[in-house]
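With chain C's structure known, arrange chain S on it following the hints.
2 protein chains.
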Amino acid sequence: MTRPASVLNETLTADAALRARAARVVPGGMWGHLNAARLPEGYPQFFASAQGCRIRDVDGREYIDFMCSWGPVLLGHRHPEIEAAAQAQAALGDCFNGPGEVMVDLAEDLVAMVPHADWAMFQKNGGDATTACVTIARAGTTRRKVLVARGSYHGALPWCSPSLIGVTSEDRAHLVHFDYNDVASLQAAVTDAGNDLAAILVTAFRHDMGRDLELPTVEFAQAARAACDAAGAALIIDEVRAGLRLDLGGSWEALGVRPDLAAWSKAIANGHALAAVTGNDRFRDAATKVFVTGSFWCGTVAMAAARATLRIARETGVPAHLHAMGLRLRDGLAALADQHGVAIRQSGPPQMPLVLFDDDLDVRKGRAFCSAALRHGAFFHPQHNMFLSAAHGPADIDEALEAAAQGFRAVRELR
Amino acid sequence: MTRPASVLNETLTADAALRARAARVVPGGMWGHLNAARLPEGYPQFFASAQGCRIRDVDGREYIDFMCSWGPVLLGHRHPEIEAAAQAQAALGDCFNGPGEVMVDLAEDLVAMVPHADWAMFQKNGGDATTACVTIARAGTTRRKVLVARGSYHGALPWCSPSLIGVTSEDRAHLVHFDYNDVASLQAAVTDAGNDLAAILVTAFRHDMGRDLELPTVEFAQAARAACDAAGAALIIDEVRAGLRLDLGGSWEALGVRPDLAAWSKAIANGHALAAVTGNDRFRDAATKVFVTGSFWCGTVAMAAARATLRIARETGVPAHLHAMGLRLRDGLAALADQHGVAIRQSGPPQMPLVLFDDDLDVRKGRAFCSAALRHGAFFHPQHNMFLSAAHGPADIDEALEAAAQGFRAVRELR
Numbered sequence: 001m002t003r004p005a006s007v008l009n010e011t012l013t014a015d016a017a018l019r020a021r022a023a024r025v026v027p028g029g030m031w032g033h034l035n036a037a038r039l040p041e042g043y044p045q046f047f048a049s050a051q052g053c054r055i056r057d058v059d060g061r062e063y064i065d066f067m068c069s070w071g072p073v074l075l076g077h078r079h080p081e082i083e084a085a086a087q088a089q090a091a092l093g094d095c096f097n098g099p100g101e102v103m104v105d106l107a108e109d110l111v112a113m114v115p116h117a118d119w120a121m122f123q124k125n126g127g128d129a130t131t132a133c134v135t136i137a138r139a140g141t142t143r144r145k146v147l148v149a150r151g152s153y154h155g156a157l158p159w160c161s162p163s164l165i166g167v168t169s170e171d172r173a174h175l176v177h178f179d180y181n182d183v184a185s186l187q188a189a190v191t192d193a194g195n196d197l198a199a200i201l202v203t204a205f206r207h208d209m210g211r212d213l214e215l216p217t218v219e220f221a222q223a224a225r226a227a228c229d230a231a232g233a234a235l236i237i238d239e240v241r242a243g244l245r246l247d248l249g250g251s252w253e254a255l256g257v258r259p260d261l262a263a264w265s266k267a268i269a270n271g272h273a274l275a276a277v278t279g280n281d282r283f284r285d286a287a288t289k290v291f292v293t294g295s296f297w298c299g300t301v302a303m304a305a306a307r308a309t310l311r312i313a314r315e316t317g318v319p320a321h322l323h324a325m326g327l328r329l330r331d332g333l334a335a336l337a338d339q340h341g342v343a344i345r346q347s348g349p350p351q352m353p354l355v356l357f358d359d360d361l362d363v364r365k366g367r368a369f370c371s372a373a374l375r376h377g378a379f380f381h382p383q384h385n386m387f388l389s390a391a392h393g394p395a396d397i398d399e400a401l402e403a404a405a406q407g408f409r410a411v412r413e414l415r
Numbered sequence: 416m417t418r419p420a421s422v423l424n425e426t427l428t429a430d431a432a433l434r435a436r437a438a439r440v441v442p443g444g445m446w447g448h449l450n451a452a453r454l455p456e457g458y459p460q461f462f463a464s465a466q467g468c469r470i471r472d473v474d475g476r477e478y479i480d481f482m483c484s485w486g487p488v489l490l491g492h493r494h495p496e497i498e499a500a501a502q503a504q505a506a507l508g509d510c511f512n513g514p515g516e517v518m519v520d521l522a523e524d525l526v527a528m529v530p531h532a533d534w535a536m537f538q539k540n541g542g543d544a545t546t547a548c549v550t551i552a553r554a555g556t557t558r559r560k561v562l563v564a565r566g567s568y569h570g571a572l573p574w575c576s577p578s579l580i581g582v583t584s585e586d587r588a589h590l591v592h593f594d595y596n597d598v599a600s601l602q603a604a605v606t607d608a609g610n611d612l613a614a615i616l617v618t619a620f621r622h623d624m625g626r627d628l629e630l631p632t633v634e635f636a637q638a639a640r641a642a643c644d645a646a647g648a649a650l651i652i653d654e655v656r657a658g659l660r661l662d663l664g665g666s667w668e669a670l671g672v673r674p675d676l677a678a679w680s681k682a683i684a685n686g687h688a689l690a691a692v693t694g695n696d697r698f699r700d701a702a703t704k705v706f707v708t709g710s711f712w713c714g715t716v717a718m719a720a721a722r723a724t725l726r727i728a729r730e731t732g733v734p735a736h737l738h739a740m741g742l743r744l745r746d747g748l749a750a751l752a753d754q755h756g757v758a759i760r761q762s763g764p765p766q767m768p769l770v771l772f773d774d775d776l777d778v779r780k781g782r783a784f785c786s787a788a789l790r791h792g793a794f795f796h797p798q799h800n801m802f803l804s805a806a807h808g809p810a811d812i813d814e815a816l817e818a819a820a821q822g823f824r825a826v827r828e829l830r
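Read top to bottom, the protein sequences are chains C and S.
For what it's worth, this note's numbering labels the leading residue of the first sequence as 1, then goes sequentially.
For what it's worth, this note's numbering labels the leading residue of the second sequence as 416, then goes sequentially.
If a hint is listed, it holds; no wrong ones were tucked in.
Short derived list, chain C residues pointing at chain S, Cβ under 7 Å:
#	residue
1	ALA36
2	MET67
3	PRO72
4	ARG144
5	SER161
6	ARG284
7	VAL290
8	SER295
Hints listed in this document are in silico derivations from the structure and should not be mistaken for laboratory results.
Backbone N, C-alpha and C fix where the C-beta goes; we use that ideal spot for every residue, glycine too.
The shape of chain C in the complex, shown without the other chains:
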């Protein structure tokens, strides 16, 4: 028996109404990684507002946010100092016939903060930055082969998209694959590339969707550096997802390994659209010669936001705070899982945690956990690494753990 339309209308949420409208005018209702169709039951597709570590959906439900807009929100939503910097710049203008002084200031900030960086350039998407790194590496070496780890995400352009739909085999003609953290497979790929090795492109850590996160081993990082040095190729670290959360100088600083080029985006302007490439002097000429550009790439407002973001991140020691809050979350989740007799695996750096359930190939447990936690006010993700922000304090973590307790209860009640 179908319910009469009047009843449906009365119970229709704002989110459901927007999904219905979107289904008519947006293919599939939403594109790419922001499509909520694959998220657990109850997850909203549409959001109305955000403040600090709290987000509010279009039905007025508020959640403690552990996705941080899939990474960009580093210091909390609508951080007052960052928004003030952005508005002060907007009052002068955003997009001109050329850059503003803020572009030079920001490049100087990055060069001062990132040890490997002798220069910086700016873009809008993470994929703009990874693509520019590859182009610069090829220009600088006059070679073609780029080594990438199987399953690593470097953007959604045809050369790197996780999907092959609409992509030609030529788009990936010169990629050579290896396995992350597997030195032997890296060296085999280097051999395979022969004297045509332009670059090794590697994410800051292994953060492939749906599998345990892995930090790079020192051996792996050093082998990548050594291979590039031996071949005169570029070591490119894709910092798009991890950048600024692990180490403000670059995610591999603790390993003692520095790249020639790095791609940054997401967190560098706390949610304002910006990306950057940093590079060393070996690749300065190449970066000068390539033609990479975009209509909005020197928009001053996002750069002003980035300067404020970097300054606050430096002054407040953001990675350490995120680490502490991530550990608090991790320890709390471990205790709760134990208490409920549910086996979980927590992986990755505490600043970007992933929680997976044992014996959960179909993600049934993960989805039940997330659905229940969501109903109790915590926005987790069942398969993708999550993100802490500087706006998460101990009380927020503890409140989220109460929601997580409901999640573990739901998992225990499965079957």
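Positioned in the frame of chain C, the structure of chain S alone reads:
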């Protein structure tokens, strides 16, 4: 004899000081099309503020702006209604874990305004949109060949960049070239693509740097449409540069030819970073299946700005105003050229004019004209099409013509 450093320092402009700083931390001092190195003498690299049709450089010199940030500024810099809409959205938040209601509103606005559009998707760069169109066309046809006009600009990604530095031949493996407005060459390219024709990608009009602009002929537009219909391929119009200035429904509406897919960017949010793909129902499934995404693609602030831009553009009939102001400029320049005995060629739609000088292969005349006009307060470009905005009124045009008179005088005084 070299001047002592003290004198140099005294005369150093803020622009020169910034160029010196930028040379240290930005490859080549600036990237891509915004690098002022190739502009005539006296052109600033760095800008401080803008309002309406006036821009101000970092040395406080003000110009009537005929570049409009290379296209994005459609209604004038810092348009109060657009900035109010952007700020109202920013007060709620910009970048969330999913889209805001404004994404649906904006998609509905575009579907209502653009006759070929049954749906819309959003990105950040014009190149994101052209790349998505090609990917969608390939996905929808399961073919590979894309026909593009020789010399047309579709972005700076490896598959379409005007530079081959750092680009591999495979990046362009499935492009087939034809000559814009040349039906026979188009048909030869179609034959060449055979049963592998995915799309014809064509700019709204021919706007290749340094050569006279050309509007598409009806015959050419109809031939492109017919070839796509016969082959089941996608006709893609690249509206990135021309979009909203010629016809709000699409630049080929007057020709009676509609595309299957169109790429928009630059002007659609009056300077806020946004791009869009519009498409018809033939390509809805393909657009649903491809994986295209970006961290900031559903940022709500740029979308709120776009809604305001489209509304004002509709309500005030922006293309007609730009046309009238462009004609006033064109007529004035023609009269001045005649008066000074200097032969010029004016081409393209009046909304996006180009002025070239006869017998000027080295652009010596064009540069002398622009340098002198710049000193008298008008920011023209010697080789790239320019852009009118709704903020240009008759008095601004007349004032710019006085600066142009100084430009013609400078040309006459050459040799």
